Amino acid sequence: MGEFDYSVIFDNIPFLIDGLKVTFLLTILAVIGGMILGTLLALIRIAQIPVLSWIAAAYVNFFRSLPLILVIFWLYFLVPLFLGRPVGSFYSVLIAFVLFEAAYYSEIIRAGISSVRSGQIAAGRAIGLTYPQTMRHIVLPQAFRSMLPVLLTQAIVLFQDTSLVYVVGLKDFLVSAELIANRDQRLVEMFVFVAIVYFIFCFAGSLYARHLQRKLAT
Amino acid sequence: MISIQKASKWYGDFQVLNECSTSVSTGEVVVVCGPSGSGKSTLIKCVNGLESIDQGEIIVDGDIVDAKKTNLNTLRSKIGMVFQSFELFPHMSAIDNVILGQVKVLKRTEEEAQIRAIELMNQVGLFEHSSKFPAQLSGGQQQRVAIARALAMDPIALLFDEPTSALDPEMINDVLDVMVDLAQEGMTMMVVTHEMGFAQKVAHRVVFMDEGRIVEDAPTDQFFNAPGSDRARLFLSKILTH
Amino acid sequence: MNYNWNWGILFRDPYLGWLVDGLFWTISLSLCAWVIAFSLGSLLGIMRTSSSRVLRLLGTVYVELFRNVPLLVQLFLWYFVFPELLPDDAGRWVKREMPMPALSTAILAIGLYTASRVCEQVRSGIEAVGVGQQNAGKAIGMTEPQVYKHVLLPNAFRIIIPPLTSEFLTIFKNSSLALTIGVVELTAMTRQIEEYTFQGFEAFTAATVIYSVVTFTVMFLMRIVERRVRVPGMIPVS
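Protein chains in written order, with the working numbering: chain A, 185 to 402; chain B, -16 to 225; chain C, 65 to 302.
Pulled out of the complex, with its shape left as it was, chain A reads as follows:
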């Protein structure tokens, strides 16, 4: 190999930033979607509604047994088939992430809800709140506060997982970098750069999660 050539990075900054935007957009949308669906699944499981609770549990265990790449392939194949016309890979990938991450978020949220003492539900009901009201105003706010560090950690995992859109060629950060790397024959520089960028975001995020953890502990 030749000397380490920084110029390949600097010359392509705008292109790389566009990729990074896709990565972040996908992460944020998937976190929001995954958390909404995950909370729903968790509440259904905890409410112990016959059949529905069982379906929610099956959903969670099923998705947790599958590789994310397979789920991405599934949706990449299914979404156009259902719509009857080709759509951009972004939407099928986003749906894949929401469905997949919901299973993991649901487990985190379920654990968080169970960590709120059962006396709190009794206390909510005792002042006349309905079960959904008790959940919404008493249990969930406490649960989410205690879950914050774990939710953030899961968001960092998701951020890393979005790199798997590589398999359908969606132009996220990694794919953009790879395109340049192959075009300019600068694989070493680009992949090292990509690793450093991911590391900085994830490390900073995990430091903040740990800070939250400590703050909650005191």
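Just so you know, the hints here were simulated from the structure itself, not pulled from any lab data.
The structure presented is a predicted model; accordingly, all values stated were derived computationally and were not measured.
All clues stand as given, with none of them false.
Computed Cβ-Cβ distance ranges for the label pairs, DEER-style:
| id | chain 1 | residue 1 | chain 2 | residue 2 | range |
| --- | --- | --- | --- | --- | --- |
| 1 | A | R367 | C | L285 | 47 to 55 Å |
| 2 | C | F262 | A | R320 | 43 to 51 Å |
| 3 | C | M162 | B | Q38 | 55 to 63 Å |
| 4 | C | E148 | B | G(-5) | 44 to 52 Å |
| 5 | B | W(-7) | A | P198 | 50 to 58 Å |
Far from chain C by the CB rule (all over 10 Å, computed), these chain A residues:
| id | residue |
| --- | --- |
| 6 | W238 |
| 7 | R309 |
| 8 | P333 |
Here a beta-carbon is modelled for each residue, glycine too, at the ideal position from N, C-alpha and C.
Knowing the structure of chain A, use the given hints to seat chains B and C on it.
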């Protein structure tokens, strides 16, 4: 046997031990008491180096505990310790708990260790429970196995860190009986405890600690009949009223 | 929706053979990577809880480095970048002459990555066993290695069987990433079947069923193992 000279220790800004000095000679039984948070558990853990001191010196059987050249493992194998929460090894039967140190540290053969362990399980009155796991024994029984485990190393002295504090009241005496027997056989003992009856019965001296200092260090009779400090008097009046 | 079903395709030559081959490579890759992840991860977990400041620091640096870069990027680093950084001969050997370069690289990358996760499980297991047990071991004169061998590790490994099981299953699922560097494991094989036959539904269903069945079987078996080695009074961490 054990000599503590001006031992001081800090946790950050907080001073847990403040120039503590006392000693335990061969065959002596010394009880250390005081309110919770007074530093007595920390002090006893410094004697076998489970905690380190920042200033001063602790000498055990001629070795300076915190000196670099002292082999702490050898020193600890000579000084037995019994913990408040027993700390039996949960994955081994009671008798295997008593055997482990003999084989791994003292390098005795399995047979020798087994014979000694059976002897000790008898001594603490638990031979028939030998093959049970710790979780299948009551707290009092676990603590007696823990004493047997310490004795298996043929220690020259024993340290007790609140050995009865975690026990239900009806089990305390079983453990104290074993300790009284040991004291009467002439075992050198340093005992952190609130059991003043035990102190009156077998202790030669009582050391009273408060806020990291040794406030009083007196022969047992003198400590109970004419405590020299107000704080000791207050402590005794609180603990002896019932 | 307009789709021609043909489940029979899965049992026809050569597609059935492809699925079997894919599963074989997925399992082989997972087991080999697990050997690396488990042994290195345990060693790192011990380092991170040891009394040596240097060992603790080394363990921490490893975990932070490997946990904060996406596995796919790590895989590319090992496959595309690492050989370039070696001296010419060694680099050429890694790229071409090494037996099954893509598979070996995937095993290495997934193993090293998962070691950082196993390390954290081992560490939390050792911490759950507690300082009290450590002190009790030291108090009878055992050296630090002896305390680990006879007290901390036997208890720690018992309580972390469930999380270690899920780490193994993580490897099993992550093995699919190897397809990006050309290892034709199970997911790659089903993708290939889709491309050859346009029967994507059937192909992906086959992979889905196989992954689920293997996962639930492993979980079931490990629950039996866990019950076998459990000692009275021990509560496994979930």
